[in-house]
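Here the protein sequences come in this chain order: A and B. For the first sequence, this note's numbering assigns the number 1 to the initial residue and increments by one for each residue that follows. For the second sequence, this note's numbering assigns the number 1 to the initial residue and increments by one for each residue that follows.
Hints are computed from structural coordinates only; laboratory data are not their basis. In this text, a Cβ means the ideal position worked out from N, Cα and C, and glycines have one as well. Hints may contain errors.
Said to hold, decoys possible - Straight-line C-alpha distance at most 20 Å; calculated PhoX-like pairs for lysine-lysine: (1) A/K11 with B/K10; (2) B/K11 with A/K189; (3) A/K33 with A/K76; (4) A/K189 with B/K51; (5) A/K189 with A/K11; (6) A/K189 with B/K18; (7) A/K33 with A/K111.
Claimed, not checked - Okay, the calculated beta carbon distance ranges per label pair: (8) A/L255 with B/I24: 42 to 50 Å; (9) A/E108 with B/R32: 44 to 52 Å; (10) B/K11 with A/Q99: 43 to 51 Å.
To be verified - Over the 12 Å line for every Cβ pair with chain B, so calculated as not near, a few chain A residues: (11) E200; (12) Q218; (13) A243; (14) L255.
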Amino acid sequence: MARIIVVTSGKGGVGKTTTSAAFATGLALAGHKTVVIDFDVGLRNLDLIMGCERRVVYDFVNVINGEANLNQALIKDKRVDNLCILPASQTRDKEALTQEGVGRVLEELAKDFDYIVCDSPAGIERGALMAAYYADDAIVVTNPEVSSVRDSDRIIGILSSKTRRAERGEEPVTVKLLITRYAPGRVQKGEMLSVNDVQEILAIDLLGVIPESKAVLQASNQGQPVILDTASDAGQAYQDAVARYLGEERPHRFLTEKKGFLGRLFGS
Amino acid sequence: MSFLDYFRQKKSTAAVAKERLQIIVARERATRGGPDYLPQLQEELLLVIRKYVHVDPDAVKIQLDKEGDCEILELNVTLPESSGRAS
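Isolated chain A (complex conformation) (with noise of 0.2 Å):
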């Protein structure tokens, strides 16, 4: 039985889909069979992160609305064995995915499947309790930052509410905390939340921190998931916090800034 994941945050622009090509990316690269589908009906984009943009003919919702079905719509990943994607729709409003359309789908992609990343889009409308619905696991995308962590809250309140798993009063989802654009110099010097300032508000288990990067925007500017530039920083905690959702147990890594001497002194 496939494992359901999804991405969500509630704040926007603080790296859902950034996550979910990485982390999807990450599950096919460990041999597992993953689908990573965008719910952001009306502005996909994780076919450009994931650097598919022009391969795109059927989306979700044609596949919703039996227009295609799936082996259509699925775009195989050229560079990663195991690993598919299923894009958003960019003409339809969000309306357009029903509880019902949605299960449908998820269901037949369980049979082929091991791991289903959901890319939720940003607010509590209809697309992101869509994307959580039918989750078993959710990973929260959080900066430092006063607004996300707030709207994290709501979002970690909703998937305790509003999910099958709730409503049927099933073992709840299992969520997990990602702190992205961590930036250690900053929280040093008391401008930025520390990772064990958000843990404590938000109480839920920690998946990773994933450092304020330049890789990040070199890879989306080239199409390419991020957890592929193994050289940088985010690449690599991005690969540790698939290694820890698959169950490894591995330290948390890029948590401080390495300093010199005079750094240390000074405390620039």
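Let chain A serve as the given structure and place chain B on it in line with the hints.
Coordinates of chain B only, in the frame set by chain A:
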């Protein structure tokens, strides 16, 4: 802690952010999951109570608890010590 930190006694902005978040998140969690009419119900109940007794807005607490299939609406009014009639 660096040498210069001894001269930077002001509270860091990160500490301010944490404090603000702790307060707002606690407040939002308290009202989460309740029906939408709960805040208005609280306000109207307060108006009725204040017609008879002088109470502080904060002295009225409304809580909705779930026990199995049963939902319990709990209304707590702390009356002032000299709980005489409003004149």
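> Straight-line Cα separation of A/K33 and A/K76 no greater than 20 Å?
Replying inline: holds, 11 Å
>> Is the claim that A/E200 lies outside the interface with chain B correct, judged by CB distances over 12 Å?
In response: Not fine: 8 Å to the nearest Cβ puts A/E200 too close to chain B.
> Holds or violated: are the alpha carbons of A/K189 and B/K51 at most 20 Å from each other?
Replying inline: violated, 53 Å
>> Hint check: A/K33 vs A/K111, CA-CA at most 20 Å. Holds or violated?
In response: With a Cα-Cα distance of about 11 Å, the restraint between A/K33 and A/K111 holds, given a limit of 20 Å.
> Does the no-contact call for A/A243 survive, Cβ to all of chain B over 12 Å?
Replying inline: Holds, because the least Cβ-Cβ distance between A/A243 and chain B comes to about 29 Å, which exceeds 12 Å.
> When you check the alpha-carbon spacing of A/K189 and B/K18, does it fall within 20 Å?
Replying inline: Distance ~15 Å between A/K189 and B/K18 Cα, so the pair holds.
> Range hint 44 to 52 Å: satisfied by the CB atoms of A/E108 and B/R32?
Replying inline: violated, 34 Å
>> Hinted pair, alpha-carbon criterion (20 Å max): A/K189, A/K11. Please report holds or violated.
In response: violated, 25 Å
>> Between the beta carbons of A/L255 and B/I24, is the distance compatible with 42 to 50 Å?
In response: violated, 26 Å
>> Holds or violated: the 43 to 51 Å window for the beta-carbon distance between B/K11 and A/Q99?
In response: holds, 47 Å
> Taking only the CA atoms, is the gap from A/K11 to B/K10 under or equal to 20 Å?
Replying inline: violated, 30 Å
> Are B/K11 and A/K189 close enough, with their CA atoms no more than 20 Å apart?
Replying inline: holds, 11 Å
Of the hints listed earlier, those the structure fails to meet are numbers 1, 4, 5, 8, 9 and 11, in rising order.
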